[in-house]
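Take the two lone chains, each set in its own frame, and fit them into one complex as the hints suggest.
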Amino acid sequence: MTTNRLFRIAAVPMVALVLGACDRAPSVPFAPYGEGYAARPDFAKVEHDFPLTPADLEKITPKNIAKLTQEEVDQIYARLPAGPIPDGAFDGTLFFPKGVSGDRRLAEIVGGLGGLVVNLKGFKLELIGKTLWKGKVFYRDERVLRNRIEDLSILKPIIDDPDSLEKIVVDGRDAWLLFPAKLYCGQSLLDSRRESIIIDYAFTDEIEGYKERPDFLAGRRGLRVRDEIRMVRPGFYLGRAYADRAFLLNFTLYNAAIAERDGPAFLKTGQAPEDCWSSTSRVLTAAK
Amino acid sequence: MMKRFVVVAVALAGTASVMAVLVSGQDIVPAPKPKPKPAAVAPAVPLAPASGQAYFDDAGFHRIAESEQLSAEERAGREIWYKATAGNDRFHTYVFQQRVGVLVDWFRVLRSDQREGRFKTWGIMNDPDCCTPGAPNCPARSLEETYGLDYCAGDDELLKYVGRSGYRDPACDFKDAPVAANDPHGPKDQRQSACDLKFGTSTGALGFRKFPNPRFDPERWKALNGGKLGTWEGYNRKLSEDKARSDRDLSHLMDGSVEPPFLIGTTCGSCHIAFDPLNPPKDPTHPKWENLKGAIGNQYLRISQLLVSGMPVNSLEWQVFTHARPGTSDTSAIPTDQVDNPGSMNAIINTHQRPTFADEEILKWRKTNACAKDASPDKCWCEPGREGKCWAKSLAKERVHHILKGGEDSIGALEAIQRVYFNIGSCSEQCWLNHLTDLRQVDPAMRNFGQTPFDIGQCRRDCSNFRAIEDRLPEILAFLSSGETNATDLHVARAAERKAKSASAKYEYDDLVADLDREFGKGAVAQGRKVFAENCARCHSSLPESEAGPFASRDFRAIDAKTGLRADWMGNDASTPVSEVGTFRCRALHSNHMAGHIWQEYGSETLRARKPDPNVKESADGGRGYYRNISLLSVWAHAPFMHNNAMGPEICGGTGPGVTDFYRPSYVDASGNLLPAAQQPACWPYDPSVEGRFKLYKESMRQLLNPDKRIPKITKLDEDIILPVGPRLWDGKEEKELFGFTLVVPKGATAGTLGNLQHKQFVNDLILAKLHPDQLEKKRGKAQADEMKQVLAEILAEPSKIVETVGKRKELLAAYSSCTAVVENDGHTFGESLSEADKNALIAFLATL
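Residue numbers (the numbering used here), protein chains in the order written: chain A, 1 to 288; chain B, 289 to 1137.
To be clear, the hints were calculated from the coordinates, so they are not data collected in a lab.
Cβ coordinates follow ideal geometry from the N, Cα and C atoms, glycine included.
Take the hints with a grain of salt, since some may be wrong.
[Stated by the list, open to error] Here chain B is said to cover these stretches of chain A; the calculated rule only asks that three of the stretch's residues, wherever they fall, bring their Cβ under 8 Å from a Cβ of chain B:
(1) 25–37
(2) 192–203
[As the list claims (entries may be wrong)] Taking lysine-lysine and the PhoX-like style, the derived pairs with C-alpha atoms no more than 20 Å apart in a straight line are:
(3) B:661 - B:685
(4) B:1024 - A:211
(5) B:570 - B:789
(6) B:667 - B:681
(7) B:448 - B:516
(8) B:576 - B:787
(9) B:1021 - A:156
(10) B:1077 - B:1066
(11) B:1077 - B:1089
(12) B:576 - B:789
(13) A:45 - B:652
(14) B:681 - B:652
(15) B:516 - B:526
(16) B:1089 - A:211
(17) B:681 - A:45
(18) A:45 - B:667
(19) A:211 - A:167
(20) A:167 - A:156
(21) B:531 - B:1024
(22) B:1098 - B:1035
(23) B:1024 - A:156
[As the list claims (entries may be wrong)] Derived Cβ-Cβ restraints for the label pairs, each shown as a range:
(24) A:269 - B:573: 56 to 64 Å
(25) B:674 - A:91: 45 to 53 Å
(26) A:163 - B:432: 45 to 53 Å
(27) B:983 - A:36: 49 to 57 Å
(28) B:676 - A:91: 49 to 57 Å
(29) A:166 - B:573: 52 to 60 Å
(30) A:271 - B:422: 20 to 28 Å
(31) B:732 - A:271: 33 to 41 Å
(32) B:1007 - A:269: 55 to 63 Å
(33) A:35 - B:667: 25 to 33 Å
(34) A:35 - B:965: 51 to 59 Å
Pulled out of the complex, with its shape left as it was, chain B reads as follows (with noise of 0.2 Å):
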C-alpha cells in the first residue's frame, strides 16, 4: 500500500509548482499610418538637471517628449507605456504568490540602499527622478519615511496613505490625447476613467510603480521587521541556519496574512525600457533621462531572476527559470504551458516600415455604434452607460502584422498590444488566472489540468483596467511608432560620442564607412552590401524583389518619402519553419496560441492554419513550429542574437558590494557536459557604451557565421533541486518523513528537460499501465506502454530514485518532452561557407545598417 501511495504522491504533489516570467519579449507594430519622422539624431540639448539639482516632479520625463516632438497622441502612448500597470499590483503581490505559488522578493530587488547595485544585479534602469532616503538633496532623510524604498515624484502624496485608503492615483491626471476623428465610439469621449490606467509612482526603476496598500499595519510590520518600518528583512530572512528543518529555507514571503507596505505593479516599460544606443549613460547605475528608450528592449534585465527572486535556490523554480539570459523572458511560463522557451525583448524599430500580410482570417471583436436587439452579448456587446459604445465579433480577412517570435499574435498591432498587458499581469483575477494550467493538477477530468481559452468579451465587461487600455492603445501604438522607436545609426552614436567631448567634432556615415573599410579590409562594406544581397536579403529584406527591384542593385539604407523612415525594414517577417532555420526550437513550439489555449483569441485562423514542420519530432501542430526573421536595423546595438540571446558571448553578472552575481556558465563538452570552470569561456561583463555594444556586435556576428567554432551552450541546474513529497511528522528530536520521500533532481542535470517534461500525460499513463494497460498500448504503442509497465515497478520499488529511473530512459523522456532540443546557440548556419574576408565584409556592411 505504501507503494501504492507513492503513485497518488507523484500524481498530488510530485511535480511541485511552476511558474515564471511574464511580460513581453515581443515587438508591437502599428497599423500603417505614415507620417514624416524626425530623423533618429542624439539630443542636442543636455536635459539633465545642473549637478546636485534632483527633480521630483516628472519634469525630466516629460521634458524627453517635447524634445523628440512627439504628437499628443505619442506623449500620451509613451507616459501610459512607462506608468500603466492596469492594475496588476495585486498581480505582483498577490497573486503571484498565492495562487501560482512563486515569491518575488520585492525589498531585494527594491532596496533603496542597494540602490547603486541595482543595474548590476538585475539590469533594471534606475529612475532618474528618484533618490535614497539620506542622500543629498533627496526630500527623504531616513529610509523610515520610504518603507525601505527610493523617494520618488509623487511619493509625498502617497506616503500619506501606506496604511489607509483614499488614494487619489496620478493616472487620474493624465491627459488624453483627443479622440481620433475616425474613432467609431467617437466624437464624444467615452473612454474608461484614466484612473484605471493605475500610475502609482515609481519605486526607483523604471516600469516598476508602487502604490500604497491600505491593508498595511505599521505595528505588525515593526514587529516582524526588528522594530523598524524601513526595512523588510524580517519579512524576507530565511527562517532558519538549520540543515536539519525542511523549512530552513523558507521565508515570510510565504505567509500571505503580512500586507507589506507598498504593492508593486509593473508597466511595459519595465522590460522595454534602456539605454538609449545613440547616447548611453556615463554610469549605467546613474542614467538621465536622456540616455534611456522606452521601446528599445532592455538585454540587461534579469527579469526571471526577479520574478523567483523570493523562492530557494534550490527550488524548482529557481534551477529550471533562472537561467533565462539577461534581455530574456519565458513568456509562456505564468501560463505554464510547460514548453521552456526564454525569448528576447527585443527593439521595436521603425514599425511605420514593418512588413504587414493581407488577406489573413482574423476572428475578433471589432467596434460598433449598436447590437441587434437579440444579439447574444457572446457576439456583440454594448458597454453599460455609453452611448454607442459597442463591440461585434467576426470573422473577416484583414491585413496584419506577424509579432512575437512566431508570428503567434496575429490579429492585429492594437491587439498585440492589448495582450502584453495580460502578460505583465493586468486583470489577472477578473479574466485569465481560471484559464491557466495548475501544475499540480493531475486529474485530466478537472479544472486547470490544462489551459482553457482567455475570453477577451469577458474581459472588456469585467475589468475596467482593461477597458482603460482598450480605449487608448490608439495612443500606445502611436507612442510605437513614433521618433522615440526610430532605428538608432552607429555612425550618428559614434556622432553624438564625440559631439560631446568635442562640440565641434563631426563624424557622418562616410566616417562610419571609412572606419569600418579600415577595420575589415578595403571596400568591406560595398563588398558586404553585395555578399547581403546575394545571401541574406532574401529573408532580411521587407521589400521582395518583385516590388523593389533587384538586390543586387538596392540601396538598402533608401528613405521612404512619405515617412523619412528608411523603406527597408530589414527583415521580411515571413514565417520560416523551425528545422530551416535550425536555431533552438523550443520557442517556436509554444503552444499558448492553439485552438483551445490560453491565448486562443490572439492567433488569427491563418496562422493555425499552418503547416507542421515536418522535420519537427515533437508535437507542432496548431500553427506551430515557425519562427519569424528579425529586422536587422540597428543589429549592431542589440547583440547577442537569436531569439534567446545566445549567440554570442555569455554576459556576465554584476559584481561589487551588495552585488548578486547570477551568472551560470552554459558551455558544453561534445557529451553534452558542462565544461570545468577553468575551460569556460569567459563571459563578457555588461558595457553600455557605444564600442561595447558595436565589439559585442563583431563577436557574436563572428560566432553567428562560424557555427563549427561554436562552443555549444546548455543551461544545467547549478544546484540540487530538493523536493520534498509527502508530509513530515515531528517526534520532539527531528523530522521525520510520515509517506512519501525526497525527491532530489541532481545538479548538472539539464534545466530545460525539467521545464518541458509532460508530467501530468506521464503521471496519467502510468495509472494506465497499472489500471488499463490495453488502453495505454493502443494510445501510446506497445513498446512504450511496456516501458511504462517497468518504470511504475521500479518507481513503486523506490520512489526516491524516480530521477534516476526516469532519467535513464532518454527515450521515454523525449516521448514525454515538449521540446528535446538542448544546444541553445544551434542553427543558422547560412554565411558559414562564405570566405572569411566575405564574412569580414559581411559584419562590417550590416555595421552601417
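Chain A with its partners taken away, still in its complex shape (with noise of 0.2 Å):
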C-alpha cells in the first residue's frame, strides 16, 4: 500500500467519526475561564450561575458555534437536555477543538509537529469531512441511526460493492447510508449530570443492513466510534465525537422542519420531550 494511499485511507477515519460529526460567536454567557484543566469551572456552577435560557439558546446555530472555544462549546453541552431522541434526517456539520487562542487545539498543543492529525500532509481532513458527511438519518423507532455520505470517492477502496448501499434523498439530494449505529440514553463522557443520547457504533454488525467494508471502520474493531449528543432546541442538537473513547471532534445536526414546527413553543416554555435521565439536579434551560 502506498504512503499516499494510506493517508487517504486515514482520512476515512475521520469521516466515520463524524459520522460521527459563519457568523459571530453566539453571545450567550460562559462563567469565567482559565487556560489549565483546574482553571475550568465545575459545571454544575457553571449551570446554577450562568443558566441558559430559551432565547439563549434561540441565539447559536451550527454555524456560529463553531467560532467558539471548545471550553465554550463544553459550557453550552453541559447547560443542554439530552431531549427527545430524534427521528428523521438531520444536516449535519462538524468543527475541530479550539483552544484559547481560537487555534485548532491539536495544533496549540503540536503545533510543530505539523498539525498530526488535523492537517496530514494537507490532507484537509476537517474539509474532507464536512465535504463528504452531510449528517445523520435517526430510525427513532428501532433505536438505530445511518449516517449520510454524498461522496464515496475516497470510500471506494474499503467499499465492495457500492451499488448495494442503501441511499437516501434528502433535500433533494442523492445520499448513501452507511454506518449504522445503535442509538440509546447513556452516559456522557464529559458531563455527568445527566444523561446523552448515544449514538454507539460498537456493535454496527448487528444492525440490519450493515456492509462489513467499509461499516467495519467505525466499530469495535476499527475506530470504535461512539458519539453523543444533547438538544440546544427542537430539530438543532450538539454533538461530540470519540473515538475509543478520545474526544476528537464536535458536530451539529440540524432539521429545519423540526425547527420551524416546535422552535416556538420551545420558546416561549422552554420544555421539550425527555427520553434520557435527567438527574436529580435541575435542567436549567426553563423559561424564566
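Written out as C-alpha cells, the structure reads:
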C-alpha cells in the first residue's frame, strides 16, 4: 500500500467519526475560565450561575457555535438536556476543538509537529469531513441511526459493492446511508450530571443492512466510534465524537422542519420531551 | 509522518483506560458519646430458623438487632449500613461501565446457580434470607422468574416491576429514630425522604442490592440470551474464540444499548459485613444471621476482581487491579490518582475509645438555622421548602478523629462516613464524576486532565441521595459505635465454640492465658505484656504515659467504667512518617485529599500542613507520606497484617465446581523475579473458624517479627497486556493495523509499576522534548531532557517497542512514577531484635487483647 493511499484511507476514519460530526460567535453567557484544566469551572456551578434561557439557545446556530473555543462549546453542552431521541434526517456539520488562542487545540499542542491528525501532509480532514459527511438519519422507533454520505470516492477502496448500498434523498440530493449505529440514552463522557443520547458504533455489525466494508471501520474492531448528542432546541443538537473514548471533534445536527415546527413553543416554555435520565439536579433551560 | 503520528497515538490512546475499585478500606469513628455497652458476647439464643425453614421477610436481620439490644438510633444506622445504596445502582450499572470504561459482570458474580461457589470465588457473604429458585422452600421455582439471580426478601413485589416503572422502594418504609434533641435542624423532622436511601432488595450477596430496571425489554433480552429470561449468558459471553479477531475477548457487556433486568447497587456492608470471629459459620457458604457482623471488615472479599469482572484478563484494568489481596481495595483507583495502593477493609472496633485530636483546623459545612440575606450560597445555604435547615461553611478548630490509612479523612467522623458513600458510587453523576481524571486526556488544558475538588455544598444542593444520607449520619455513627462493633476476644470465641458442643462448657480469660502459656512457654503472656510495654506501647496504646501512668505497670485490658469497653484502644492513631514505619509506602502517597484534588474538602488544613517525609524520594507534599498505626484490639482475628494484608501467609483462591481461583503468586527472589511455582510457599486456604484465624495470626506475627525470614512479595502481571493503539482495517480476510501498533506489556512485569506510571507527564514531556527542549531542560534538568529526546527518537523508530524502550531506563521510569516501592511485605522491623522467647511471649500476649 502506498503512503499516499494509506493517508487517504487514514482520512476515512475521520469521516467515520462524524459519522459520528459563519457568523459571529453567539452572545450567550459563559462562566469565566482559565487555561489549565484546574481553571475550568465546575459544570454544576456554570449551570447554576449562568443558566441558559430559551432565548439564549435561540441565538446559537450550527454555524456560529463553531466560532467558540472548546471550553465555551463544552459549557454550552453541559447546560443542555438530552432532549428527545431524534427521528428523521438531520443535516450535519463538524468542527474541531479550538483552544483559547482560537487555533485548533491540537495545533496549539503539537504545532511544531505539523498539526498531525488534523492536517496530515495537507490532507484537510475537516474539509474532507465536511465535504463527505452530510448528516445523520435517525430511526427513532428502531433505536438505530445511519450516516448520510454524498461522495463515495474516498471510501471506494474499502467498499465491496457500492451499488448495494442503501440510498436516501434529502432536499433533492442523493446520499448513501452508511455506518449504522445503535441509539440509546447513556453516559456523557464530558458531563456526568445527566444522560446524553448515545450514537454507538460498537455493535454496528448487528444492525440490519450492515456492510462489513466500509461499516467495519467505525465499529469495535475499527475506530471504536461513539458519539453523544444533546438538544440545543427542537431540531438542533450539539454532538461530540469520540474514538476509543478519546474526544476528537464536535458536530451539529439540524432539521429545519422540526425547528420551525417546534421551535416557537420551546421559545415560550423552554419545555421539550425528554427520553433520557435527567438526574435529580435541575435542568435549567426552563423559561424565565 | 507516520512516526509523528505515533506520538499522538500514544498521547491519545496509548495508555488505555484505568479504573478500579471503590469502597471503603477505612475505619470510621464517631465523636465520643460514651455510654455503657454490653460486653462482647456470643449470642446465647439460636437465631437461625429451624432446619428446613427459610426466612424471606427480613425477620432474621431485625432479630439480630434485638439480640444485640441496639437502641432505635443504632438500629436505624444498622439498617442503613446494611441496605442503603444511596442511588449508586446507576453507578454500578451505567457509569462505571460507560464513563469510567470498566465492565462489571454482575451475572458472573451473582448468578444463583453458582451460589454455592460465591464465597469461594469472590469472598462475598451469602444472604441468609435468599435462596436459589427451585431449591426446597424457595418461593421462586425457576431462574426464569428471578432473571437468574437469587430470590430474596421483598422480591415478590420487586419482580413485578422489572421492565416497568412505579416501583416503590422498601426504603420508603424505613423507620428513623426520633430527631436528636440537640439537632440544630430539629425538633421538627426535616430529614430528606427515606425513599432516597434506596434499599431495593438483596441480590443474595450481602451488601449488594438490586433494583428493577424500567428500561428492561424482555424480548430483546431473550433474543440476546438464547430465548431465556433466566440467564445473562448471551450478555457476558465472549464474542469469539477466533484469535485473529481483536474483539475476541469482548462481550455484550460493553454494549450500552442492552438494558439488564436489574440495576445493581452496593452498600457500605458490601465490604464490611463478614463472619463474626466469636461465632463463625460452620459452612462459609451458608452463614446464618448470627454468624455475621456489619463492621468487622470482609477480609475475604475480592472486591478488585469483582469490579473488573467483565474485563478480559489480558486488559490493563484486570492485570493492574486484580492483584489486590483479599480484604483490600484500592480506594483511590476510581478517582485515578495513579498511585497503586490497595488498603484493607479493617474492622471498626470500640469506637468510643478511639483517640481524637484537638485543635485541628477544619474548614467545613456546619449546621445552622439561617443565612444572611446577602450570603453567598458557596458559604451559607438553606434547603428550599424547609424551615431553618441551613448549612454554613467556616474555618474553626475542632477535636476530630483521623481516619483512613494515613489519617486523611480528618474533618470529622460524620463526614468520613459521608465520604464513604461517594467511594461506593453514590451521587456520582450529580456530584463527582466531572471532577475525576480521564486517563486518556493528556492535554493539560482540557477538563479531566487531572482531578478537581468535589464540592460538598453543590452535592447537597443537587443530589437528594446525599441529603438522605447526610440527614442520617448520626444514626450510622451510632451503629458504628454500638455493641455490634465491640472487640471480639479470643477467650469469648473459644467459650462459644465449646458451648456449642456442650452447654455446660466454660472457657474464661484465665483459661486462655493458661493455654497460651502452655503453647508459648511458661509465663509467656505476662512476659509478653512486659515486652509490649517496653517496645510497642508507645505507638500501640491510645493512653499515653503522661495521662494514664507508666506502661510498665499498666493493665492494658482495664475497662472504662463509662463505656463498658476496654479503656485502651491499643493504638494511638498518630501519624508516623512512612520511612519510619518502613512498610510498603505507596498507600501513604495517595493524593486524593491534597489541595486541588478530589477529596480536598474532606481533609483538614492541619493534615495538609504535615511536613513531607524527608526520606521519601517521590512527591510526598500536601500532607502525604504518613501512616496511622492500627488498633491491636482483637488482633488475633484479623491477620494477615499491614494496610495491604501482605504481612503473613498468602490466602488461596477458591476451588471447586463453578469456582474461579484468583490467587496470583507473588513471592520473588532477591532479584525481584517471581519464584518458580515449586519454590513458592504454599498459600493458605480460607478458614474463618476460631482456630483458623488464630493459626493465621500466629504465622503472620512470626513473619512480622522476623523480617530476615520474610520472602519478599511483588505482584507481577500473570498475562501479557495487549493494547491495540490506533485503528484497524478489514480487507475482507483479516484485520490490519491502519496505523499505530499493538502494545504488549509482558507477563512478569511489576503490576504496581504500571499502575503508578504518570503517563500524562511522560507524554507531555515527550512533546516538550521535541518542540521545546529548552523548557524541558529547565523543568527536569539537562540529563533527563537529553534522555527524553533519545527515548522519543527510539519510540518513533520502533513504536511497538515502547515498553522495552522505557522499561530499560529504570531511573527515568522512576522519575515518572508516583511510587517506586515494589516489595509489598517490607518494613515494620520493630521487634526483630527480640529474643525468640520474647517474640513468642509477645505473640501470646497480643492474642489476649
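- prompt: Which earlier hints turn out false for this structure, listed by number in ascending order?
  reply: Checked against the structure, the hints that fail are numbers 3, 16 and 30, while the rest are satisfied.
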